[in-house]
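Next come the chains, spelled out residue by residue.
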Amino acid sequence: MNKWALSVIPALLATVFSTQTNAAELEVKVNIPRLNAAEYHRPYVTIWLERPDQSMAATLAVLYSQETRGADKGTTWLKDIRQWWRKGGRALSMPMDGVSGATRPVGEHTFSFTAGQAPLGTLAAGDYRLVVETAREKGDRELVRIPFSWPARQAEALQVNGERELGAVLLNIKP
Amino acid sequence: MRFIIALFALAASMAAPVAYGHGFWLLPSSTVLSEPDTVTFDAAVTNDPFHFDYRPLQIDALVITAPDGSKIDPFNVGKGALRTTFDAKLEQKGTYHFAIVREGLRANWKEGDQNRRFMGSEAELDKNIPADARDLVVTETFNRVESFVTVGVPSKLTPSGRGLETVASTHPNDLVAGEPLVLQFLVDGKPAAGVKVEVVKGQTRYRDSLGEQVLESDQDGKVSVDLPTAGMYWLGAKLTDDKVAGKRASKRALAYMLTLEVLPQ
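Line order of the protein sequences matches chains A and B.
FYI, my numbering numbers position 111 of the first sequence as 111, with every residue one higher than the one before it.
With positions in the second sequence counted from 1, the corresponding number in my numbering is that position plus 1000.
Chain B on its own, in the form it takes in the complex (with noise of 0.2 Å):
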């Protein structure tokens, strides 16, 4: 299984930026409550959804906001060989959105024939990539990864406006399996055609078959993903394109995750 993630890398530093961000999870030990309580969580980069067994995810970034829109700080953070730990006191009704938002450029180039990447701010970019770069092609990168926790009933969702993400007709703690789910994606709050959608369901590992939906936008920014049993379903999103904000990328790469609950009828 490394040695896939390997690839992805590889492919990655090569030619397709967008791979960048694939496996990427928080998983909360509940996703509804019916009273005001700790959650704790997993935070892991992985090929099978929720299995940890390859990287830590740094959760430096996360964000975690309250139904009234207050910030509150994760506590009892634990880094791990494979997975990094932390638990959230949930006092309010409502639902807490759990985001770690990446941003940063990325530059591709070769040396010789060797492929040869950096990630990081303007400024590092500079000192890291030699003058005679050949090929360079810089990216902005937009990753958000993120998870939802319902207390009681569930709050109305607000899209940041910024960067790759969802509009869920259906609460994501509001799944039950055998219900349709319709996902309107959003590039900077506006609908976005194009985007490359990838469900699959936990637990990849007892089973033979990785049963992934492979699902590409309409012109409306949605699509319609099936959840016929309950579980943990791990959503990937991605999409590239040249709306970039500052003069040294040509390209952006956005990616959005998330994990999604389908509780059973």
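Next comes chain A alone, as it looks inside the complex (with noise of 0.2 Å):
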């Protein structure tokens, strides 16, 4: 071994383990506000990915009731993430398996998705954005958008913030 051998070796082992540890992530933090109601029910959550064109590019969370009181189910409102169910949530089946989960209450709530594994999967090259939709019992409803392109070249930390049942939601890439 040579010095030159011990200095590659490390370098080659980083970028081993770069394509293995260092997948491209998407972070979503979605804030859900305090709000002064008088009959507060937490809200249903969807964050999902849409293409230019507005059709979508996959579900990554949605956020429903799990209970179950007799013939309620809390699927049943799943319609009123209008424009999630139109544009495919009708398409699919709850529960879904590392996408759907319990209604969260008021505070930050951060959500990872890794490339290459569901619900992000294999995201073509392009323009997309990310969607979060939110609607509430005896609340009212309200989508965002945070346009990013895929795959980033860099670290990139987008933000917008909802006017009234979202508060900050923010995108961090990783390349």
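Source of the hints: derived by calculation from the structure; they are not laboratory data.
Incorrect hints may appear among the rest.
Claimed, not checked - Quick list of in silico lysine to any residue cross-link-like pairs, SDA-like style, CA-CA up to 20 Å:
| id | chain 1 | residue 1 | chain 2 | residue 2 |
| --- | --- | --- | --- | --- |
| 1 | B | Lys-1127 | B | Gly-1246 |
| 2 | A | Lys-73 | B | Gln-1092 |
| 3 | A | Lys-73 | B | Pro-1036 |
| 4 | A | Lys-87 | B | Thr-1170 |
Remember, predicted model here, so these are calculated numbers, not experimental data.
Mind assembling these two chains? They're in different frames, but the hints should get you there.
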């Protein structure tokens, strides 16, 4: 072993590991604001990706009430997350492994999605919009979009603020 | 408003047979469902779409077709003074089709200076028209009142091939405010030009202007409907031709009515 080899091996190893551990990632932070409501129910929230033509590229998360009271099922109201429902949510069957979950309380909630793994999977290169859509029982509906390009060349931190039903929505892209 | 309906009836009895059928509607409580559920309907005959202030709609001829083509029966049928109500249990995923199709004969004639009208079967017609009826005109009528409700993903719709009906560029349970809707009208399954179409958004009593769209189908049977805002829309279409099936009539009057729910973006 000469010095040259010694200096190269760590670099090679780093390259090998980087492809395994540093896969591109989308990290989404959704802030559910505290609202002054007489009767508050946690919102239904979906996180999904759409293409420039507004068609759905992937559903990343669906938060809905897991309660079943007699004939009343939480899934009954999924249609109220209107755009997601129309653009493809209605073709999915809930619960969905790694995607669906219970509604969340007020506060910031972090969701991470890794390229090559469900539900993000292999996303074709191009322009996308992250969509966070929310609907609340006896409350309002809100939808925010964050445009981004995939794959990202460098780390990006994007943010948009909801007006009523959503606080800050942040998208951190790791290349 | 009753005065206007009376005028319509009068006009129908005199010269404009196509006016028959104006203002019939089926109003579902929901048109888009996530899960199998019960949907309830109002059915009435009024001038203002979906404002039941005149007469109930008879639903004896109602046919409910499930996504797999099977038929289901309405239940909890209530015959009110102003509206008929019924429930339908939607257990399958896909689009349910609700249709009331009425076919019959209508005779218009004169006795002295009085206009007379009778509607019914051929046998009844013979009993009810006097031998000395003047200016007798017999018309075959074919009316279809429709509504659609979808559980989950909308199903592809196939026209029946009978009477006046329409094929929509966007599924009737998939309409969003601001997106264009092209309807192709068919008569006996073939594109029909010259179909008179009227589209009115509901809740007319809360505004001064009806804002109705009056359209006529082109050579391909098509009209382009503007749905600028979310809400329930009533669509009425009519056409008169001479393609009669029986021997008594010289004309055929076709009418078609559809309820469309348009959701916000």
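These are the hints, each one checked on the structure:
As the CA atoms of Lys-1127 of chain B and Gly-1246 of chain B are separated by approximately 18 Å, the hinted pair is consistent with the 20 Å bound. Pair hint Lys-73 of chain A plus Gln-1092 of chain B holds up; C-alpha atoms about 16 Å apart against a cutoff of 20 Å. Proximity of Lys-73 of chain A to Pro-1036 of chain B is assessed by CA-CA distance (about 10 Å); at most 20 Å being required, the pair is judged to hold. As the CA atoms of Lys-87 of chain A and Thr-1170 of chain B are separated by approximately 13 Å, the hinted pair is consistent with the 20 Å bound.
The structure meets every hint from the earlier list without exception.
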